[in-house]
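S.K.: Chains as they are written, first to last, in this note's numbering: chain P, 1 to 204; chain A, 205 to 427.
There may be inaccurate statements among the hints.
[Claimed, not checked] Cross-link-like lysine-lysine pairs, in silico, BS3-like; alpha carbons within 27 angstroms at most:
#1 P:Lys6 <-> P:Lys154
#2 A:Lys212 <-> A:Lys225
#3 A:Lys274 <-> P:Lys201
#4 A:Lys306 <-> A:Lys279
#5 P:Lys116 <-> P:Lys84
#6 A:Lys419 <-> P:Lys201
#7 A:Lys385 <-> P:Lys84
#8 P:Lys116 <-> A:Lys417
#9 P:Lys155 <-> P:Lys177
#10 P:Lys116 <-> A:Lys419
#11 A:Lys206 <-> A:Lys324
#12 A:Lys306 <-> A:Lys281
#13 A:Lys225 <-> A:Lys324
#14 P:Lys116 <-> A:Lys411
#15 A:Lys385 <-> P:Lys116
#16 A:Lys225 <-> A:Lys274
#17 P:Lys201 <-> A:Lys417
#18 A:Lys274 <-> A:Lys411
#19 A:Lys225 <-> A:Lys325
#20 A:Lys325 <-> A:Lys288
#21 A:Lys274 <-> A:Lys385
#22 A:Lys325 <-> A:Lys281
#23 P:Lys6 <-> P:Lys155
#24 P:Lys155 <-> P:Lys8
[Said to hold, decoys possible] Incomplete in silico selection of chain A near chain P, CB under 8 angstroms:
#25 Glu383
#26 Phe384
#27 Asp386
#28 Pro388
#29 Glu395
#30 Pro396
#31 Asp398
Worth flagging that the hints you see were computed from the coordinates, not collected in a lab. In this text, a Cβ means the ideal position worked out from N, Cα and C, and glycines have one as well.
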Amino acid sequence: MAVDEKLKIELGKQGVMVTTIQELYNWGRRSSIWPMQFGLACCAIEMIATTMARYDLARFGSEVFRPSPRQADLMIISGTVTKKMAPQVVRLYNQMAEPRYVIAMGACAISGGPFKQGYNVLKGIDRYIPVDVHIPGCPPRPEALIQAFMTLQKKIDEQNLTGEGRPRHLDEQAPGKFPVPDFGEHDLEPPSNPGTWTVPKIIQ
Amino acid sequence: MKSVEEIKAAIEAAVPGAGVKVISNPAPIAQHSLLIDAQHAVAVAEFLRDDEDLALDYLSNVTGVDYLDKEISEKVKVTRQVPKEVDGVQQIVDETVEETRKHVEPGYLEAVYHLFSVAKKHGPVIVRFRSANRSDQVELPSLTPVWRSAEFQEREVFDLFGIVFTGHPDLRRILMWDEFKDYPMRRDYVEPDDFEYEPTPHDDVLKRAQEHKAKVAAGEVSQ
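Chain A on its own, in the form it takes in the complex:
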């Protein structure tokens, strides 16, 4: 099979502006993946499926990943003009100060597709698509028209992560009930507080038990 770099070149030749990036996997398995611009997802998918060398005719797995908003703090050297007394005379002197700047890098939701070729007996080729953010722009194009096997798995990703697959023929919740509003696999999901605490809680459960106790003491929860 072609290496990821070769596949990247092939995609860029076939779909101009696909914005392919290789995300390398440092683990011994070295399953590098391709991050592709979501706008060109369907075109790239069709190319991967129909290309004679790749012939990735089998979609094995679709999954979601949630990346939270990241606060990045970096140290920047800033030159400022500061009034200072030098040899008894007031002067304005340049002074270099180190300053910590913080900015928030928006998080995103990612859909990961594992592709194999039954005809060529090779794989997996891993492609990823990222949404713009994880609050209001969570749409990604659906690949169900390309690989039919994506249908249920995209529904599952929609159910648990809240990625909205545009072009999906039947996007409904598949595991949780229709009235359910949360996305349980997101990292900021808050579980309902119906935990029955064991006599000797520890670690995370201890933290939750203490929070629960505080809530009961404040009268927010009955028991």
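In isolation and in its complexed conformation, chain P is listed as follows:
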């Protein structure tokens, strides 16, 4: 039940704070998204630049890059995911505690990018794990990463805690563990997780 905005402001003037559990909960979730200290390729350099003084990601509550998946909330897939690396990425994602989010940063992470027609690069990390925000670019500028952060924060803010579209960790039916692909003789097995990804329909 949302609080009337005008009433809220009026009460605020009188020194009374009114909020809902959902608002408070989402405010807490979105204001301290700690990313995992994990870089894959050249996009990681832009990610590092984003955290430094010039772009200062700390303004968005994400200053602490955690070197352990257990303490991280956000995985930034920053760069090319080779097929040899993909199982490790999925495993790290499985080791993260809920609530957890994924930003796929750059052309390679979202689709394979310039290596899409190659034999050794995964054609987008969303074949194995659910991605919250995709950023195009090669590599995306730090501003684009900050935009992705703000998009993610907005997405968290707008989530209802009950009913359809509630966060995955509040949904008992939602999968918590994502199958780690095996190294096959010709390709990764399976080549994608059908639970999270299907071949996009081509409309001609």
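Given the structure of chain P, go ahead and fit chain A onto it with the hints provided.
M.R.: Only chain A this time, still in chain P's reference frame:
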């Protein structure tokens, strides 16, 4: 630096029976290379490294090349005896017929080494070794005992081309995973069909997209 012909003569003097052939490069850069019998690879390599004039102490690059089996068709004139009626009398007459004959020249895998001399400040000298074929006799001698820098690069050539370097201290895949069975840089490598087709495929991608569509229609692939 000595010219390729001089290097060839020097190798032949030092390692008898090395079977050196000059492969000329017609491009303006004119980097001619030396094709050497694989049996004598280590002896020749040691000579190139230790010879005072050449002193090729630095191995810059190792790479592989794949040559497919080649079908060669040539026209041959054949004389045959053909029964023929000449002036109402049956006779056997010689007739020359042109015939096309085809034979398959086996392909091979090639390892190419680029050598420089840091001491003499010259190079590159390019040497090549060829395997007997590209299916079951793919061994070439490893030059890691001669130049240590060959170790990782020979592993890479093994990984991507499938050349087995005998005498290599640690021949494992380096880029692809250990369970991987194919050799992706070979020309007959078939990629896994996991391509996500764009709405307007063209050229090679169009061909692959059509093949994929046919497979989906035949029910071999799910989507």
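S.K.: Determine for every hint whether it applies to the structure shown.
M.R.: Hint check:
1. For the suggested pair Lys6 of chain P and Lys154 of chain P, the alpha carbons sit about 22 angstroms apart, so the restraint of at most 27 angstroms is met.
2. Under the criterion of a C-alpha separation no larger than 27 angstroms, the hint pairing Lys212 of chain A with Lys225 of chain A is consistent with the structure, at around 8 angstroms.
3. About 41 angstroms separates the Cα atoms of Lys274 of chain A and Lys201 of chain P, which puts this hinted pair outside 27 angstroms; it is violated.
4. Note on Lys306 of chain A and Lys279 of chain A: the hinted pairing holds, with a Cα-Cα distance of about 9 angstroms set against a maximum of 27 angstroms.
5. Taking the CA atoms of Lys116 of chain P and Lys84 of chain P, the gap is about 15 angstroms. The hint holds against a cut of 27 angstroms.
6. Restraint check for Lys419 of chain A and Lys201 of chain P: the C-alpha separation of about 17 angstroms stays at or below 27 angstroms, so the hint holds.
7. With a CA separation close to 14 angstroms, the supplied pair Lys385 of chain A and Lys84 of chain P stays within the 27 angstroms bound.
8. For a cut-off of 27 angstroms, the pair hint linking Lys116 of chain P to Lys417 of chain A stands: about 19 angstroms separates their Cα positions.
9. Between Lys155 of chain P and Lys177 of chain P the alpha-carbon distance is near 22 angstroms, which keeps this suggested pair within the 27 angstroms criterion.
10. Of the pairs offered as hints, the one joining Lys116 of chain P and Lys419 of chain A holds, with about 21 angstroms between alpha carbons and a cut-off of 27 angstroms not exceeded.
11. This hinted pair checks out: Lys206 of chain A and Lys324 of chain A have alpha carbons roughly 12 angstroms apart, not beyond 27 angstroms.
12. A threshold of 27 angstroms between alpha carbons decides the hint, and for Lys306 of chain A with Lys281 of chain A the separation of about 14 angstroms falls inside it, so the pair holds.
13. At most 27 angstroms may separate the alpha-carbon atoms for a hinted pair to count; Lys225 of chain A and Lys324 of chain A meet this at roughly 24 angstroms.
14. Between the alpha carbons of Lys116 of chain P and Lys411 of chain A the distance comes to roughly 16 angstroms, so the proposed pair stays at or under 27 angstroms and holds.
15. Restraint check for Lys385 of chain A and Lys116 of chain P: the C-alpha separation of about 21 angstroms stays at or below 27 angstroms, so the hint holds.
16. Between the alpha carbons of Lys225 of chain A and Lys274 of chain A the distance comes to roughly 21 angstroms, so the proposed pair stays at or under 27 angstroms and holds.
17. As the CA atoms of Lys201 of chain P and Lys417 of chain A are separated by approximately 13 angstroms, the hinted pair is consistent with the 27 angstroms bound.
18. Taking the CA atoms of Lys274 of chain A and Lys411 of chain A, the gap is about 24 angstroms. The hint holds against a cut of 27 angstroms.
19. A hinted pair counts as satisfied when its Cα atoms are at most 27 angstroms apart, and Lys225 of chain A with Lys325 of chain A qualifies at roughly 25 angstroms.
20. Only pairs whose Cα atoms come within 27 angstroms are accepted, and Lys325 of chain A paired with Lys288 of chain A is rejected, the gap being roughly 74 angstroms.
21. Straight-line distance between C-alpha atoms of Lys274 of chain A and Lys385 of chain A comes to about 25 angstroms, which keeps the hinted pair within the 27 angstroms bound.
22. Between Lys325 of chain A and Lys281 of chain A the CA atoms are separated by roughly 55 angstroms; this puts the pair beyond 27 angstroms, and the hint is violated.
23. At most 27 angstroms may separate the alpha-carbon atoms for a hinted pair to count; Lys6 of chain P and Lys155 of chain P meet this at roughly 24 angstroms.
24. With a C-alpha separation of about 23 angstroms, the suggested pair Lys155 of chain P and Lys8 of chain P falls inside the 27 angstroms cut-off, and the hint holds.
25. With its C-beta approaching chain P no nearer than about 4 angstroms, Glu383 of chain A sits inside the 8 angstroms limit, and its interface hint holds.
26. Because the beta carbon of Phe384 of chain A sits about 7 angstroms from the nearest beta carbon in chain P, less than 8 angstroms, this interface hint is met.
27. The beta carbon of Asp386 of chain A is positioned within 8 angstroms of a beta carbon in chain P (closest approach about 6 angstroms), and the interface hint is therefore held.
28. Checking Pro388 of chain A against chain P: minimum C-beta separation of about 5 angstroms stays under 8 angstroms; hint holds.
29. For the restraint placing Glu395 of chain A at the interface with chain P, the shortest Cβ-Cβ distance is roughly 5 angstroms, inside the 8 angstroms limit, so the hint holds.
30. The interface hint given for Pro396 of chain A is met, as the beta carbon of that residue sits about 4 angstroms from the closest beta carbon of chain P, less than 8 angstroms.
31. Annotation: Asp398 of chain A was flagged as interfacial toward chain P, and the flag holds, the nearest CB pair being 5 angstroms apart, inside 8 angstroms.
Violated hints, in rising order: 3, 20 and 22; the structure is consistent with all others.
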